[in-house]
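A.B. asks: Heads up, the sequence shown is in the numbering used here, so the first residue is 979 and it goes up one at a time.
It is worth saying that the hints were derived from the structure and are not from the lab. The reader is advised that the hints may include incorrect statements.
[To be verified] List of simulated lysine-lysine pairs, DSS-like, C-alpha gap at most 30 Å: (1) 1339 to 1329; (2) 1043 to 1068; (3) 1198 to 1263; (4) 1188 to 1258; (5) 1258 to 1339; (6) 1339 to 1325; (7) 1194 to 1271; (8) 1102 to 1271; (9) 1102 to 1076; (10) 1339 to 1263; (11) 1329 to 1313.
Source: prediction; values computed, not measured.
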Amino acid sequence: MACGFRRSIAGQLSRVLDLPPENLIKSISAVPVSRKEEVADFQLSLDSLLANNNHSSSDIQVQAKRLAEKLKCDTVVSEISTGRGTVNFKINRELLTKTVLQQVIEDGSKYGLKSELFSGVPQKKIVVEFSSPNIAKKFHVGHLRSTIIGNFIANLKEALGHQVTRINYLGDWGMQFGLLGTGFQLFGYEEKLQSNPLQHLFEVYVQVNKEAADDKSVAKSAQEFFQRLELGDAQALSLWQKFRDLSIEEYIRIYKRLDVYFDEYSGESFYREKSREILKLLDSKGLLKKTVKGTAVVDLSGNSDPSSICTVMRSDGTSLYATRDLAAAIDRMDKYNFDTMIYVTDKGQKKHFQQVFQMLKIMGYDWVERCQHVPFGVVQGMKTRRGDVTFLEDVLNEIQLRMLQNMASIKTTKKLENPQETAEKVGLAALIIQDFRSALLSDYQFSWDRIFQSRGDTGVFLQYTHARLHSLEETFGCGYLNDFNTACLQEPQSVSILQHLLRFDEVLYRSSQDLQPRHIVSYLLTLSHLAAVAHKTLHIKDSPPEVAGARLHLFKAVRSVLANGMKLLGITPNLCATLCYLKKS
């Protein structure tokens, strides 16, 4: 986007360099506010244009100066200068102000997404598999990370115009159901299952695991129960179906609190029969080998390297996770004909997906190149006041409780219509921003105290900024949001905001390339800090109407872009004016 300025600069450069403008667009970048040199708005890096990088820095500098001398200022560019290997462009200030603010208002939720950076990008069919809790096991913080990361990726892809299918691939099959079925027959209570299915199934699963470790007959019963499931035994399947249905009902309720939805609730159980076809196909291609223990394996190295051997069938003939993942991938290609399929799981599954992708390749499915694993690191130290986190719902309840306590300490006469809902929205923003601030692959140390700080780079600060700017519009909007005079927005604080708004499309483009939300998080936090500085100096109250109107337009643009970015991250922007008092508490 950059409001067409980038294209205008590329047009002039193309005439001098004799290159198509399209080849230059991505070499012209908006200069980050924190690194502005003589308030340039855009820069061209000579490194990105040169065919090879064997030039010395002095050579590049000379070429930058020569190029700058051939360029001329026009109605768009008011000043041209050089930096370290760059040619810098300053945009006409009144044009910058008018164009950026008009573009933000006109494009609304699409601001930044209509950029020339995205032109020529084909619309794709994209499948995103995320969250994927294991029924009967802990619905823990690892699933929370998968849920919010996958939701972000799906949101971003949809915003860019792609056709996205969100799949929750439940761990609803496997030996754990042999244990769970046996465990429920031994320790289960129907009334507890109906009232709190996730909690009760987890308790049963923990108890039967302990029993199976000490009593071989329990372990044998579990194995036999899973065999009955695989063979289609009606009684075993009926109990399994009850566990699954009740669990999904609970999941949907929890996902609603997170404002996350899925187009399809799939699961490993869907592929229990198709996994047999996978085994036949592997065997027909001469890839399946039987071990002395009776298991079936695929040697991906071709030379019996133990680290490259993938087990695809147990000795009793039952299927494994890898086999079912192979069947799922093939089925999804048949069903969706996807251009890209993205799996969002923790980094501990990296080897698993490498092996699955490699097996699909040697089975002859060249479309496996369209499959991508997005791994993430481990969250350390997340505990509620009840102790170690067991369920995601414990985390959500803790978020709501702590935020309610913070809000209760605010000295204001304003009363909230729904304090629980506001507390949850703000608390979730706090959690998501802490999670998304670093590279997804990084492990990080969780801190309840840090995420709820209203000062600093936190989700509470983002929500606070949005609420404060919304309050300005509610207070002054009726009288001032008509037309505005661009000459009234030439203060350094205004220009810094406008320059930052210019960069939004580049940030979106970067996140679309590496699927990392941290670029957007960093951008929004900087925007909030710039707005905070401007709010202290660019007053609306008691200012001349022309000045007040221009400033209100500026703050409205900030709030609009802030809201757009937050929604992409999976955060619902809060309008509650009570948040404006948070910093005073």
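A.B. asks: Hint by hint, which ones does the structure fall short of?
C.D. replies: Structure breaks hints 3, 4, 8, 9.
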